[in-house]
Amino acid sequence: MAVEEARIWGEAVRLVQSEIGAAACNRWIAPLVFRGAAGDCARLDAPTDFAADWVRRHYAEEIVAALSEAGAPCLRIAVSAAAERPEEPARRPAAPALAIAASDGGADAPLRSAPLEKRFTFDQFVVGRPNELAHAAARRVAEDDSVVYNPVFLHGGVGLGKTHLMHAISWRIAELRPERKVLYLSAEQFMYRFIQAIKRDNTIAFKDQFRSVDVLMVDDVQFIAGKNSTQIEFFHTFNALIDSGKQIVISGDRAPGDIENLEERIRSRLQWGLVVDIHPTDYELRLGILEAKAEAAKAREPNVRMDPKVLEFLAHRISSNVRVLEGALTRLFAFAGLVGREITLDMAQECLSDLLRASDRKVTIDEIMRKVAEHYNLRLSDMTSARRARAVARPRQVAMFLAKTLTSKSLPEIGRKFGGRDHTTVMHAVKRVESLTDTDSLLAEDVELLRRMLEA
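The end of the sequence shown is residue 455 by numbering that gives the first Met the number 0, with every number in the run present.
Hint data in this document are derived by calculation from the structure and do not stem from the laboratory.
Mixed in with the good hints there might be a few duds.
What the hints assert, rightly or not - Keeping only pairs whose Cα atoms sit at most 27 Å apart, straight-line, the calculated DSS-like set for lysine-lysine is:
no.	residue 1	residue 2
1	Lys292	Lys308
2	Lys370	Lys408
3	Lys308	Lys297
4	Lys297	Lys370
5	Lys292	Lys408
6	Lys198	Lys117
7	Lys408	Lys226
8	Lys117	Lys245
9	Lys245	Lys226
10	Lys117	Lys297
11	Lys226	Lys430
12	Lys245	Lys180
13	Lys206	Lys245
14	Lys292	Lys117
15	Lys180	Lys206
16	Lys430	Lys408
17	Lys226	Lys198
18	Lys226	Lys206
Said to hold, decoys possible - What follows is a list of derived Cβ distance ranges for each label pair:
no.	residue 1	residue 2	range
19	Ala77	Glu10	16 to 26 Å
20	Ala295	Pro177	21 to 31 Å
21	Glu444	Val338	45 to 55 Å
22	Ala443	Val323	30 to 40 Å
23	Asp437	Gly225	14 to 24 Å
24	Ala298	Ala239	40 to 50 Å
25	Ser243	Lys297	46 to 56 Å
26	Glu262	Glu178	28 to 38 Å
27	Ala295	Glu18	31 to 41 Å
28	Ala298	Arg387	56 to 66 Å
29	Val157	Glu366	13 to 23 Å
30	Arg199	Glu366	47 to 57 Å
31	Arg75	Glu10	53 to 63 Å
32	Asn201	Ala298	43 to 53 Å
By construction, the Cβ of each residue, glycine as well, lies at the ideal position given by its N, Cα and C atoms.
Required output: the full structure, derived from the provided sequences and hints.
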């Protein structure tokens with residue numbers, strides 16, 4: 000790569016990282032090689048066909064914008080897999096302490112953990128009632144010599160700390176027992192490594208590598224749902240590690256029983272050990288997280304002053320997830336540092352107006368039940384009652400469907416709101432309404448009208 004192209008690409012990667020975050024950038028953008036721009040098209044090489052396809056589908060817009068800003072104007076990108084091109088170590092960052100050398104099976108490339116965030120440690124994890132069990136389980140895995148719970152399955156919504164805890168486990172094991180082989184990767188990475196092994200007729204080496212680890216951690220396991228051959232290999236890898244007494248930690252956005260298109264035998268094995276639900280943050284936990292992050296931000300921006308009431312204001316108003324909360328605080332400190340203003344309540348409302356508006360539009364299950372009851376001329380108590388008459392049951396199913404699609408609540412949480420019903424009842428209601436809206440135009444109109452009323 001020429002010097003000017005290297006400069007352009009380095010700047011473009013930095014700009015893309017500011018948009019999609021360090022983890023995604025390290026995983027998908029940093030391994031790309033910029034081959035220059037001709038006409039309105041920029042050419043990029045990716046290490047694999049899978050990576051090329053993923054970048055084209057998910058990051059094309061961000062890359063085009065970044066390259067244009069960095070000095071290589073283009074309207075589109077062409078990403079192709081570099082045939083048999085050796086990997087460039089400097090462009091594929093990984094956690095050095097957790098690198099796992101290829102086994103004697105002769106794999107095509109070393110098997111390495113995905114890049115780890117240095118700030119995702121136990122020391123930086125703020126513990127509260129919603130996540131205390133998950134934190135305790137993660138510490139036990141990282142610090143105990145014996146395998147007590149196997150597997151450990153962490154599940155919860157976006158931005159609640161699942162990935163943070165998995166990174167923290169990796170860092171802690173590397174600190175206490177560096178001789179242990181630890182592999183952390185996403186389910187999608189597991190899948191494309193498996194696909195590459197099939198393409199190269201090298202599945203034996205793949206199996207040997209994955210089954211030689213002491214601790215296997217797979218993030219976002221819901222990604223393999225519906226991928227039949229990947230599920231089969233995952234199942235056999237899972238069994239081999241369990242039988243060998245090796246530790247497995249899995250994360251997902253839902254409980255194992257709620258992940259659709261996941262093989263029953265995998266679902267049952269994921270439920271063997273300790274299944275931990277990371278609940279949405281409460282006010283006290285959000286305030287604690289903000290206080291910890293504000294201290295770190297003040298160390299970086301010592302001249303910025305902040306009214307303590309701002310943290311309480313943010314903890315009350317932004318409850319969607321921790322990432323949004325941290326992003327809001329980062330924006331406030333950046334704005335205050337750049338323009339030389341104190342962070343006050345008025346300034347926070349001005350600077351975060353878009354986030355606050357989005358937070359104001361957040362729909363609650365109570366509001367959904369109330370609107371549905373009014374629309375169908377029912378009593379609010381009918382939403383939680385045991386009545387099974389069609390005139391009550393169908394609106395209740397509609398309310399459950401809207402609760403699932405318009406809120407971030409899990410199926411068990413929704414079931415509890417609707418009179419302590421089981422999560423399978425909610426799942427059935429969601430599938431039933433989805434099916435009926437395809438054939439019943441009146442019901443489809445009702446659902447769409449209610450959705451618009453709730454989102455207005």
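Do the hints match the structure? See the list:
1. Lys292 x Lys308: At roughly 15 Å apart (the allowed maximum being 27 Å), Lys308 and Lys292 satisfy the hint.
2. Lys370 x Lys408: Holds, at roughly 18 Å.
3. Lys308 x Lys297: holds, 16 Å
4. Lys297 x Lys370: violated, 44 Å
5. Lys292 x Lys408: Holds. Lys292 to Lys408 sits at ~26 Å (cutoff 27 Å).
6. Lys198 x Lys117: violated, 34 Å
7. Lys408 x Lys226: Between Lys408 and Lys226 the Cα gap is close to 26 Å, so the pair holds against 27 Å.
8. Lys117 x Lys245: Roughly 25 Å separates the two Cα atoms, so the pair holds.
9. Lys245 x Lys226: Judged against 27 Å, a Cα distance of about 25 Å means the pair holds.
10. Lys117 x Lys297: holds, 19 Å
11. Lys226 x Lys430: Cα-Cα ~21 Å, so holds.
12. Lys245 x Lys180: holds, 10 Å
13. Lys206 x Lys245: holds, 15 Å
14. Lys292 x Lys117: holds, 15 Å
15. Lys180 x Lys206: holds, 15 Å
16. Lys430 x Lys408: holds, 17 Å
17. Lys226 x Lys198: At roughly 16 Å apart (the allowed maximum being 27 Å), Lys198 and Lys226 satisfy the hint.
18. Lys226 x Lys206: Given that 27 Å is the threshold and the Cα spacing comes to 18 Å, the pair holds.
19. Ala77 x Glu10: 16 to 26 Å: holds, 20 Å
20. Ala295 x Pro177: 21 to 31 Å: Taking Cβ atoms as reference, Ala295 and Pro177 lie about 27 Å apart, which means the hint holds.
21. Glu444 x Val338: 45 to 55 Å: holds, 49 Å
22. Ala443 x Val323: 30 to 40 Å: Hint holds: Cβ distance 32 Å, inside 30 to 40 Å.
23. Asp437 x Gly225: 14 to 24 Å: holds, 20 Å
24. Ala298 x Ala239: 40 to 50 Å: holds, 46 Å
25. Ser243 x Lys297: 46 to 56 Å: holds, 48 Å
26. Glu262 x Glu178: 28 to 38 Å: Hint holds: Cβ distance 34 Å, inside 28 to 38 Å.
27. Ala295 x Glu18: 31 to 41 Å: Between Ala295 and Glu18, where Cβ atoms are some 22 Å apart, the hint is violated.
28. Ala298 x Arg387: 56 to 66 Å: Distance hint for Ala298, Arg387 holds at roughly 59 Å.
29. Val157 x Glu366: 13 to 23 Å: The hint (13 to 23 Å, Cβ to Cβ) holds, given that Val157 and Glu366 are roughly 21 Å apart.
30. Arg199 x Glu366: 47 to 57 Å: The hinted range 47 to 57 Å holds for Arg199 and Glu366, with Cβ atoms some 54 Å apart.
31. Arg75 x Glu10: 53 to 63 Å: The hint (53 to 63 Å, Cβ to Cβ) is violated, given that Arg75 and Glu10 are roughly 19 Å apart.
32. Asn201 x Ala298: 43 to 53 Å: Since the Cβ atoms of Asn201 and Ala298 sit about 48 Å apart, the hinted range of 43 to 53 Å holds.
Of the numbered hints given earlier, the model fails hints 4, 6, 27, 31; all others are met.
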